Structure formats: structure tokens, C-alpha cells
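Let chain A serve as the given structure and place chain B on it in line with the hints.
There are 2 protein chains.
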Amino acid sequence: MTLSTHTYINQLAQHVGSEVTLKGWLYNMRSSGKIAFPQLRDGTGVVQCVVLKTAVPPETWDALKAMGQESALVISGTVRADERAPGGFEIDVNNAEVLQQVHDYPITPKEHGTEFLMDHRHLWLRSRRQHAVLKVRHTVVQAVRNFLDNDGFTLADSPIFTPAACEGTTTLFEVDYFEGEKAYLTQSGQLYNEATAAAFGKSYCFGPTFRAEKSKTRRHLTEFWMVEPEMAYATLEDVMQLAERFLSYIAARVLEDRSEELKVLERDTSKLEAIVAPFPRVHYDDAVKMLLEGHERGALEAKFEWGGDFGAPDETYISSQFDKPVMVHHYPAAIKAFYMARDQERPELALGVDVLAPEGYGEVIGGGERATSLEFLHEQIALHQLPQEAFEWYLDLRRYGSVPHGGFGMGIERCTAWMCGIEHIRETIPFPRMLYRIRP
Amino acid sequence: MTLSTHTYINQLAQHVGSEVTLKGWLYNMRSSGKIAFPQLRDGTGVVQCVVLKTAVPPETWDALKAMGQESALVISGTVRADERAPGGFEIDVNNAEVLQQVHDYPITPKEHGTEFLMDHRHLWLRSRRQHAVLKVRHTVVQAVRNFLDNDGFTLADSPIFTPAACEGTTTLFEVDYFEGEKAYLTQSGQLYNEATAAAFGKSYCFGPTFRAEKSKTRRHLTEFWMVEPEMAYATLEDVMQLAERFLSYIAARVLEDRSEELKVLERDTSKLEAIVAPFPRVHYDDAVKMLLEGHERGALEAKFEWGGDFGAPDETYISSQFDKPVMVHHYPAAIKAFYMARDQERPELALGVDVLAPEGYGEVIGGGERATSLEFLHEQIALHQLPQEAFEWYLDLRRYGSVPHGGFGMGIERCTAWMCGIEHIRETIPFPRMLYRIRP
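Line by line, the protein sequences are chains A and B.
With the working numbering as the guide, the letters of the first sequence map in order to residues 1 to 440.
With the working numbering as the guide, the letters of the second sequence map in order to residues 1 to 440.
The shape of chain A in the complex, shown without the other chains:
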């Protein structure tokens, strides 16, 4: 027996005037005497149904009237176009079956605390707002993959188990591998991407990454998804051009494919419409000047010093000067990763770029051009007291066909939060993992 020969709510436009069978769950119900208006949700939408007491058998009427929220419900009826109805259609019901009567569904329209909702994440996902956020996340993921695939990038997933750290070891999760060996969960596919870019010209990895940070901010997850494209024969300029085309494409896709969800989220879409390449570019030196002016004007509490990394207030201040994402480039090498290429005229600067999103969403992309010289990388590895033996394979990439190359990383959840205009990143992944949360 097959069950899936039913109609989904998002297909109703093709069935106006016809009889359909819908399968889903009770979203809400109004009734008065001899007429009931159950709202059915099926995961693709919500539709209002109209049941006349006289149109269905008495036991069906009684079962319908007794339903609580999230009761499992199969309905047959005729599709009627109705401009006043949310979604544009109503169902005139001629048959119904309640598969499961549900009472006391834990999540009600009243306000619940965050901890309660997080404990019930498996049910909270059915709520309209969470639904909208995760639909946007799906579109962001699709857009990322479509953009890179159409742009000639080859997917080359980097490993999750790694023997050594890409960016320091204090925030790594340790795993017992076999026979006492330790492995670490990846923080970035960066180094591996450099190998695959030399093989494929343009490559990307896209998977979960892990940070054992003891942070409880609204921007932190211990497990989050990251996409990292890498290009051989590319400079910082190429990386910046890729980043602005990439983000512009993602925003356009979200606007086009998720207009209904953006309405549910009450997103100011003019903010997304502004995300169009080219983006403003600000040299680190000029960003520092901007921050000092901000401090003088009283807009920033602390006085920023050249050489430091931006804090969240700094990022917000810089991005507030523009109506688009802004690309800050040429950071001090001392605050960037060891593998960054240097500005030849000012070797204290790294050829790195961070893309700062507007509206306080902070850094959504970080990347740059990588160093090509074997000798320089030898020095850097020693300087950072990294175990050279663990990087021998990486150094091979400079021994055998070293060329200018670069790329960036973008966190999917932070990008999704920005697209949705929501405050906390924890809602942008189905089952968030945080400092004190690995359940459900």
C-alpha cells in the first residue's frame, strides 16, 4: 500500500475545483455550532478547511471537534480558490479521518521560555517561525552549492578527523581514535582545500566544523556548517570579487525563493535587496581611522589601537557606515593565520579580507590569499611553534607546483541569521549544539 499519492498544500493551485486528499496535522481550529474550520498543516503550508456538520458522518464530526493541536488528520474535500483565505485556497471537506487524537501538545501559542523551547526542539521545529528560518537555511545551502557548481568549483569534502590544528589547539574537540591515538574534529578545511585546489583548479568543501569555545554568546555554536571555496591562480582581489558575487547571489535567491518565509519573519527585505556587488572595500588602516573618529564622536567607548583585532562593537560600527556588506582587507599579519600571504610592500600586513555584514551581524566571511613560499612557511611554522612534521604534506604543496591561490570560509548559520534578520544563531540549525546543550 502506498500512502504518498496525496496532494500537498503547496500544490493546491493545480487542483482548484477538484477533490483532493490532504494529510497532515491540526494547526488550529475554530468552530461554531454546525460548522468547523480546522486549519491543516502538512509541512508545505497551512490551509483552512470548512466542515459542515451535515456533510460528514456523526462520528467523524465528533472526532474532529475533539481534536487538539497536532492531532494527525487526513482530509478529503474540494479545493476552492478564495482570495480572503491565507494561501488563497480553502477546502470544502466531505470526508475526514483523525489518525491520532492529540491533547496537551506542549507548545501552545502562549509565550514559552527559551530553555523550554530548546528542550522541545523536536516539536518546536513545527512552529511557523522555526519553519521559516529552516526553509531559508535550506535555500542558503542550495544557493551556495548552485553558485559554486555553476562557477566551475569541484566539491572536495575535507576530513572531519584531523591529526593537527589549523588555527591553534585550545578550541579543538578531542576524539579517542584507535589504540590510544587522538584525533581532533576539524575547525576548517582550509589546508586540505589548498591541496584540492591544486588538483581541480577551483574546489570547495562544505560540512560541519567544530569549536570547543566556552562562549555563550548569541553568535556561537559548538557545531556549525561552513563552506570554503579555494582557487588556484588567484589573488586577494579574486577572493574579494568571488565573495561579493557569492553573497549577492545568495541574497537574491533568498529574496526570490523565500518571500513567504521572509514575511513570516517580518524581515525588512530592503536590507537584503541592498546586498548587490560591488561591495565597499576598506583597508585596515582606514578602518582604524574610522574607529578612532567613532571614538572621538562618542559612538565607541574604547579607543581602538592599530594592530588589534575588531571586537563586535567595532565590526558593528564599521558596517554601520555602509548600507551593504563591507570588505576590510590588509589586516596586521600578527592577528591572522600563519599561512596568509604578505603585502610585499608592507610585510607586516596580511593579504586577508573579512566581509562584515550590516545590521550588527559581524564577520560572515573570512579569507584571503595564501603564502606560496616554502621558506616563508617554514619560518612561520617555527615562529608559531607548530609541529613541522604534521605540516610536511601541506608544505609539499609549495614544493610541487606552488602558485598564488586563495579562498574564504562562510558560516552557514551566521549567514542564515543575517538573511532572516533574527537575533540568535541557535534558531538557524535544526538541532543546535552549544556549551551546555547536546540534547535533544
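Everything labelled a hint here was simulated from the structure, so no lab data went into it.
Fair warning: there could be bad hints in the mix.
Identical copies carry no separate label here, and so any pair may be met within one copy or between two of them.
As the list claims (entries may be wrong) - Derived lysine to any residue pairs resembling SDA-like cross-links, with alpha carbons at most 20 Å apart:
id : residue 1 : residue 2
1  : 303       : 324
2  : 216       : 179
3  : 182       : 439
4  : 182       : 171
In this text, all values refer to a predicted model and were calculated from it rather than measured experimentally.
Just chain B, lined up with the frame of chain A:
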């Protein structure tokens, strides 16, 4: 300065008669006296270039003649169509720059041992065969996502960090979370998918999964990618229909998009052309009869007993009876997961299905219909001595709107090995992780 305004080898058809700049690495070189034929690879293809000694400056000629394999090389020249040339084009070079002279590239056309190649995986990826395998993998991943996205599935990534096991605890990797808490790396998103299918109707997760199995077979990786679609209001029949449509689509996409790579791999494409729905369906009882006949005929060494799980020789024998993948269904419940729905007429059977690939590739898909009854699952959790408290959230899915539902899981690397017709799964992922291998 931007570097990426060059032409890629797979775009040469658009530039016949024009001058282009190509950037890549030396793949191979023949030369004789006053003419050299460097073959350039750039990740999108390989093209033969023709350099006349008289057409370039003497120092360029000397640099070109000195190049070893994988030297970094930029070439400018005119594109000439030539039917005899591999790829159909040659480049008449009028300028060239050797960015890096490489000598003694470790991987030569001679035979290398597997361990050597695995130790040099970061370079081995540049080889034509590995290139072809990973291009097929990319297409498999694209096909999986396109199929599910177009079929109305919502991407809902399941977590990597989990508190409890989906299928036993002996093969779980343990992670130190925070403050002494332990987390385990996911083996399947199955249970989480059941929550998201109730939210979205149809959902899927697609990410890395982990098995701490001390196996060194050609079918095992400790880290591999798995896609798992799940449908609400679906039966075993729906799951089987989805599985056969899904695999047929993947095979068609590989045939269409990767014909060049399949040639490199010397794949018998008639095997892939046969992967067209519907697939034969075999009840477990009948599969057992088949195995007993095979034993009687001397084709199978061991005599199979009803109730057992199939070993690799059994799977190979069953699949060899058909020229397509075969779906074996209604397995004994005792050898399947606790959450499987039961055959109502023969409750000792689970409504599960395994899709066995031809040519000895074994089980590529496993899935089925899930149990809907809260009471039944309570019993099963007790019977399997699982900690009920850890499954309370999962049981909520049966308390609040329980409906028939089902889905399956497919391992990307095993599917890729099958599509490519290659023996060992270790070549189907960029950086394989196995019992004694987490490097490079």
C-alpha cells in the same frame, strides 16, 4: 591585481582561433630538437601545447625544456581545433612563464604501492584516475540534492554530536564535550529525521557519519557521508518507490555529466544504463530460498539459515540473479533496528528494505517504515536495554501526531564506488579515514 581572468581548458571550444592565457601545471612533456609539446593540466582538463624554439625567447625555451612534472606554468597562445588531439584542441604557444620549476615530483607514471599513494593523498588527487573518481562523487552529491530538492524534501541537517546511540554503542566515537560530559559522533540522522519529517512532511539530512569499526575491508571508512531522506505519511511501498527513483536518477546524471570520467575509469556503462526503475523486489523468505538453491548448486559455501543477516557472499549471490539493483524486504525484526514497523500479519518481520547493488557492491540503501505506536516503542526500548530517558524526545513524536512514516539511508562513498566500478571505497573520498589512517 586579479589573476583569474584566464581561460580554463574546458572552455577552449569557445576560443578557437583566438589567443588565450592558460594557467596550470605540467602534466607531461615530449620534445625533439626545436619543438616541444608540453601537456598542461589546469584542473578542468589537459591540453597539448606546441612550442617552436623560434617562437619564444631563448630563456623561455630553456625554462620550458628544464621543467619537471607539476611545474607551475602559464602559457599564452592560439587555440587550434585538431580532431587528432585528446580533447580536440591544441595551443600554438607564443609566450610562456614557468612560475615554479619542479623536479622529482613523488608520483610518477610507474606503479606505486597503496600505502605510498595514501601517504601522498594530497598529491595523488592530481592524478587522472583520482580526478575522475572525485568528479563522479561530486555529481553523485549534486544528483542526490537535486533529486530531493525537486521532489519537495526540505534539508534539515541532523546533529553530529549526539547524547545517545541510534544503533548500539560499541562502534561509537566518544568525544570529550565540556566539563566531563561525553558526546558521541553520529552514526545516523534517522531519529532526528523523524522529527523533521513531522515538521516538514518530507525532509533529509546529508552529512558525515562515523563508525568506530575495527574493520579493514575495502568497504569500510571510519568517516563517510550519508544522505537520509524521510517522509511522513509513507509506507514501506513509498520508501521502495523513492529508493528506485532516487538511484535511477543518480545513475542517469552520472552517465550524462561524467561520460569522460567514466571512460578514464574504463567503466562498463551498460551496467549503469541498466539502473532504471522499477527494480525487482524480493521478500526475505524468497531471498532465503534463493540462497539455499545457490548452496545446493554449489555456488555458495555456507548453508544459509532463515533469520540470519546476509553476509557479503550472500548479497553478491542474490544480486547476481538480476541485472539491476534488487530490493530485499520484510527482514526478520530480530536483525533490524528497534524502531522498525512490523508486518501486521507476521509480526516477526520488520517492514525494512535493503537495496543490493549488482556487481558485488552490496547494500547501498537501507531503510523502511518506522513504528508509530508509543506502547510498542516503549517495549522495544526496554527489550534492547536502551536508556528510556534518552529517548523521551523521540517518543514525543508518537505522543503528538504519530503517523506512518519511513525513509532510508545511502552512503555516498559506496554509491560512488559502484558508479565508478572501482574496487576500494578509499578512493571515493578526498581524504579517507580508516582504522590506521588519519593522515594527511
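Evaluated hints:
no., hint, verdict
1, 303 / 324, "neither (25 Å within a copy, 70 Å between copies)"
2, 216 / 179, "between (34 Å within a copy, 15 Å between copies)"
3, 182 / 439, "between (25 Å within a copy, 12 Å between copies)"
4, 182 / 171, "both (15 Å within a copy, 16 Å between copies)"
Violation of the numbered hints given earlier is confined to hint 1; every other hint is satisfied by the structure.
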